[in-house]
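Chains as they are written, first to last, in full-length UniProt numbering: chain A, 1 to 235; chain B, 1 to 235.
No wet-lab data here; the hints were simulated from the structure.
Warning: the hint list may mix true and false statements.
What the hints assert, rightly or not - Label pairs and their computed distance ranges (CB to CB): (1) H169(B) - L22(A): 20 to 28 Å; (2) N186(B) - K101(A): 16 to 24 Å; (3) K235(B) - Y100(A): 25 to 33 Å; (4) E110(B) - Y100(A): 46 to 54 Å; (5) N114(B) - E19(A): 54 to 62 Å; (6) E71(A) - N77(B): 55 to 63 Å; (7) E165(A) - K220(B): 35 to 43 Å; (8) E226(B) - Y100(A): 37 to 45 Å; (9) S145(B) - N63(A): 43 to 51 Å; (10) S16(A) - E50(B): 45 to 53 Å; (11) L22(A) - Y100(B): 44 to 52 Å; (12) A183(A) - T176(B): 23 to 31 Å; (13) N210(B) - S167(A): 18 to 26 Å.
Stated by the list, open to error - No farther apart than 25 Å at their CA atoms in a straight line, the calculated lysine-lysine pairs in the BS3-like style are these: (14) K67(A) - K33(A); (15) K54(A) - K179(B); (16) K54(B) - K179(A).
Glycine included, C-beta positions come from ideal geometry on N, C-alpha and C.
2 protein chains.
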Amino acid sequence: MKSIIIASTSSLHAGSYLEYILPTLQEHFKNCKTLLFIPYARPGGISHTEYTQKVSEAFAKINIAVKGIHEFENPENAIKNAEGIFTGGGNTFLLVTQLYKNNIMQLLAETVKNGTPYLGTSAGSNICGLSMQTTNDMPIVYPPSFQTLGLIPFNLNPHYLDPIEQSTHMGETRETRIKEFHAFNNIPVLGLREGSWLEVKGEKITLKGNLKARLFQQNKTAEELEPESDLSNLK
Amino acid sequence: MKSIIIASTSSLHAGSYLEYILPTLQEHFKNCKTLLFIPYARPGGISHTEYTQKVSEAFAKINIAVKGIHEFENPENAIKNAEGIFTGGGNTFLLVTQLYKNNIMQLLAETVKNGTPYLGTSAGSNICGLSMQTTNDMPIVYPPSFQTLGLIPFNLNPHYLDPIEQSTHMGETRETRIKEFHAFNNIPVLGLREGSWLEVKGEKITLKGNLKARLFQQNKTAEELEPESDLSNLK
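This is chain A alone, in the form it adopts within the complex:
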């Protein structure tokens, strides 16, 4: 049975890394003594080792030991044998490129579908959707495909940002960008604001946190979803 947390962000402005969601993670990973961390998204270009160290410090607070996938000789075995898996944020193009390069995109999807508890934040959440095509990230590397894990039957836009009132900037708003996606694709897109996450238990998908999320569907007006909304039938 799938057991997944898909979070908009790792951190809130007023709080340390993973702090706001740590009680939820304690429950989510209650059967895990160790966690496999996938640091491929490398926020700000930091190294796999530095990134894994940061994650280790956060999970030490709930007594879970963390090992980075780069520390294993064989990344496929690392995934197969993991008690739980966390993919952190950073650059989604880089993350997806590395998952394909190491030939673990499909294996990771299968492993999580078969029940290994998973956490994604930001880029690590983006890849839970059908494709990475609603990422906010810059295309700093060229991935072999935009297809991702497909753990849920729609796409995500993490760090969803409402239009800034009275802005004079002429660059597209997030909503405009997602509408452009829907000019060419019919996959629903959920804009997850920072502090929201999706809980996936088997086939049940629930919006968690205190904030509303914004749902975009092709040829429909965008709508606001309340916390605890059931998204199991969205596709």
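Position chain B relative to chain A; hints supplied.
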């Protein structure tokens, strides 16, 4: 001799489409009675016809007739025979995909290098660099390559946006994204603020408009460039 204008944006907040730059365009296209418009980037998903109509209305003010490339049976001949060429903004992934699909990326580069006057705004400016990898756009379609026209020996970030002070949003700033690009690429990136443009005359590249631009180079501190800065030696 190359004769190119590469603008951050088509429009300023207080002004109609192309209004702020129209006097410059009148001089730039002074030998053109007609202009070939490339509407492939389709901002907000509007049609090629709608987009071309909007551009026609702006250029009518300086007595230049506009024809969209989609109106020609053969896009290659349209480019070869053009008096001047304008590529408008919208989604860079879509624009680049269409340029490759219609097999005109290389021809467009050669034609502009051989002297056909060119104007790019936003996505149409992004493609003037070596690659589209510093675009702000969402990857709504999968292009066959990120390589672009290479009319200048560096990359651009149009609509460059300074960090918003006191923002509590945790998504990456534009500067952070460009730094991530430089973790994997050594191409310089010029952040062009809205209202700035580059003028390319032969091999001379000059920053125009009233604003400073922000230059990012690998392993260097970002620097602010004054209007009229000479960028001919940047690479």
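Outcome of the hint check:
Look at H169(B) against L22(A): about 21 Å separates their beta carbons, and that is inside 20 to 28 Å. Hint check: N186(B) to K101(A), Cβ distance near 21 Å, so the stated range 16 to 24 Å holds. Checked against the given bound of 25 to 33 Å, the beta carbons of K235(B) and Y100(A), roughly 31 Å apart, stay inside it. Between E110(B) and Y100(A) the beta carbon distance is about 33 Å. The supplied range of 46 to 54 Å is therefore violated.
Checked against the hint of 54 to 62 Å, the pair N114(B) and E19(A) passes, with Cβ atoms roughly 58 Å apart. One distance hint, 55 to 63 Å for the beta-carbon pair E71(A) and N77(B), holds here, with the actual separation near 57 Å. A hinted range of 35 to 43 Å holds for the C-beta pair E165(A) and K220(B), which are about 36 Å apart. Checked against the given bound of 37 to 45 Å, the beta carbons of E226(B) and Y100(A), roughly 43 Å apart, stay inside it.
Under the hint 43 to 51 Å, the C-beta atoms of S145(B) and N63(A), about 47 Å apart, fit the expected range. Remark: the range hint 45 to 53 Å for S16(A) to E50(B) is upheld by a beta-carbon distance near 49 Å. Taking the beta carbon of each, L22(A) and Y100(B) are about 46 Å apart, inside 44 to 52 Å as hinted. The given range of 23 to 31 Å is respected by A183(A) and T176(B), whose C-beta atoms sit roughly 29 Å from each other.
The supplied range of 18 to 26 Å is met by N210(B) and S167(A), whose beta-carbon atoms lie about 20 Å from each other. Between the alpha carbons of K67(A) and K33(A) the distance comes to roughly 11 Å, so the proposed pair stays at or under 25 Å and holds. A threshold of 25 Å between alpha carbons decides the hint, and for K54(A) with K179(B) the separation of about 20 Å falls inside it, so the pair holds. For the given pair, K54(B) sits about 20 Å from K179(A) by alpha-carbon distance, which is consistent with the 25 Å threshold.
Of the numbered hints stated above, the single one contradicted by the structure is hint 4.
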